[in-house]
Amino acid sequence: MAEIVTTTDAPVPLWSLPMKNFKPLLREPRVVIAGGFLLLLLLIAIFAPYVAPKDPLEQDLMLGNMPPANYPGAEPGFWLGTDDLGRDVLSRVLYGSRIALTVAFVAASLSAIIGTLLGLAAGWYGGWADRLISRLVDIWMAFPPVLLSVLLVAVLGSGLHSVIAAIVIIDWTRFCRVVRAETMAQAQLDYVMAAETIGFSRSHILWREILPNVAPVLIALVSLEMGIAVIVEAILSFVGLSLSSDIPTWGGMIAQGRQMIHQGWWVFVFPLIALFATVLAFNQLGNGLRKALDPVMRR
Amino acid sequence: MTASDLLNRLFMAVLTLAGVAVIVFCLLRIVPGDPIAMMISPSATPADIAALRAHYGLDLGLPQQFGIWFTDVLKGNFGTSISQRRDVMELIGERLPATLELAFAALVFGVLAGGVIATLGTLARRTALDPALDFINGLFLAVPDFVWALALVLLLGVFWPVFPLSGRIDPTLSTYFHTDFYLIESLVTFKFSAFGDLIAHMVMPMLALGLPLAAIVVRTLKEALAEAMVQDYVLLARLKGMSPLRLVLQEALRNAVGPTLTLTGVQFTFMIGGTVIVERIFSYPGLGNMAIDAVINRDLPLIQGIVLTFGAIFILVNILVDLIAAWLNPRNAHG
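Protein chains in written order, with our numbering: chain A, 78 to 376; chain B, -9 to 325.
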């Protein structure tokens, strides 16, 4: 089938060819820069105990509200200052990447799996399956997402699992809608007709022919969704519903900094910068991947 | 869109809203935490608690509870808020105008700012400004309302404190109003000091909600304009000696508005959803802020009412967008 696939306008299946496929990715600057940043962040998250200069939970009330280095009154060793309880802001920001990335990877992957399965079913089999799934998506889209996530965490109880579950329950529709439309578009292409003519079964065509061709769009979407997941977690932490304040999260730090913003801007600013950079990186990676993997846009 | 299309659309909308109602109802019945436990005094006897449960209908079976609740909702009766002990519709009626004023202000800002920048970008095609604009807009597209709101708190609230950080109006001015549409009322009754104060309070939440919208308008409109600018009728107008600005505004814009409008409508519903957290950050007394309090207080009737209100607004906006799109493009009528 590879000959037919490569002679149509269908995108090249990602895993059908070896390393050659990653060359166009490396030529896209957004992918390299954003991907490099996220890789660095991942390493920081994994090795946080070795990277962070201090224990993120260690309180010292004598050292509360110390400004960042080079500001008058700064305490040596606390590069980004301390919060009102004397905890090191830099270490807390570094540790915060753990929760952010965990939520990003787990929530985005699960939403992608659920949304893709339903989207493929709706787009390929049509009929009552499509009607049912599309109606479900319509109902879902009528909920304000932030309110629904707050509500879900209230229902499920706070904690990392609830936050991830809430994001998955809300955001599977993003994947479902795109995959459904993409599957319908792919189903019109020559290679699908060729596969049908050869006599491949419906499910064989779906999994072996259509899914690989939907994959490029899907991968870009996963990256975008990771950015969204990071934001939702931060929003829930900000509202005070995500995790206990013992676990450093960017959203929790931002909420804490918002309360004492006139005493010390640094508790507010540094986690906000980390949040912004991470969301921007996921977003740019997603858009870069979309461009690099889509042969029509590449031309 | 024919009449039967419209009826079909409305029927689907009602069905969707009913679906929302069912889901909200089911979700809230599994909320841990007893709302009654939050309102009784420590000295209440078990009989008092039972009486209170019966008063709120919490002693009935789930299907019965749903039946009663749903008939009430159809009659426009959303029940009594548990945390505020007032009629839910009344509470929503008080808060909704603040949210609507904010959302519409952000919509107007987003469309105007986006429209102006897209027009400038189109005029500056093939200059160095164009790719620079695209790059900056790419960054703007990546920043969500939550991050904007926090950045604005820092920039315009703390480092350069020109605008009030929280609330909707200075408390000394808020007693004079007869309706809850403060902004409109102050304008109509020429209370300009109140109007100015309302606008000053609204600037930051409006920017937080409107800037992401503006970025999307810029991208969509710019693409549509670029396509329209190479069409024959635009070339003809250019050959006739029409100035570039008139060319864009009179000829190209008319044909580029359609796709932008549809996307703006979709984006507007997302923006209304965004009011929830933005209102929270700026302590703006709208529906979204009340919604988060309702969730924290486990105020079931109030949550149900607010979620249904949001759902109805979303669906209404979607229908309106379809109608306007169909009206703008006669070809859609037969599509």
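Hints in this document: simulated from the structure, not taken from any laboratory.
Glycine is no exception: its CB is placed at the ideal position from the N, C-alpha and C atoms.
Keep in mind that the hints are not guaranteed to be accurate.
Pairwise CB distance ranges (calculated) [claimed, not checked]:
hint, chain 1, residue 1, chain 2, residue 2, range
1, A, A258, B, A190, 39 to 45 Å
2, A, W205, B, M79, 36 to 42 Å
3, B, D222, A, A258, 40 to 46 Å
4, A, I350, B, M79, 21 to 27 Å
Residues from chain A that face chain B, not an exhaustive set, calculated with beta carbons under 10 Å [what the hints assert, rightly or not]:
hint, residue
5, I110
6, Q136
7, L138
8, M139
9, G154
10, L225
11, L233
12, M270
13, I305
14, I312
Right, here's what the structure says about each hint:
no. : hint                        : in the structure
1   : A/A258 / B/A190: 39 to 45 Å : 44 Å, holds
2   : A/W205 / B/M79: 36 to 42 Å  : 37 Å, holds
3   : B/D222 / A/A258: 40 to 46 Å : 31 Å, violated
4   : A/I350 / B/M79: 21 to 27 Å  : 43 Å, violated
5   : I110                        : 13 Å, violated
6   : Q136                        : 25 Å, violated
7   : L138                        : 25 Å, violated
8   : M139                        : 26 Å, violated
9   : G154                        : 26 Å, violated
10  : L225                        : 8 Å, holds
11  : L233                        : 9 Å, holds
12  : M270                        : 25 Å, violated
13  : I305                        : 8 Å, holds
14  : I312                        : 5 Å, holds
Hint check: violations occur at hints 3, 4, 5, 6, 7, 8, 9, 12; the rest are consistent with the structure.
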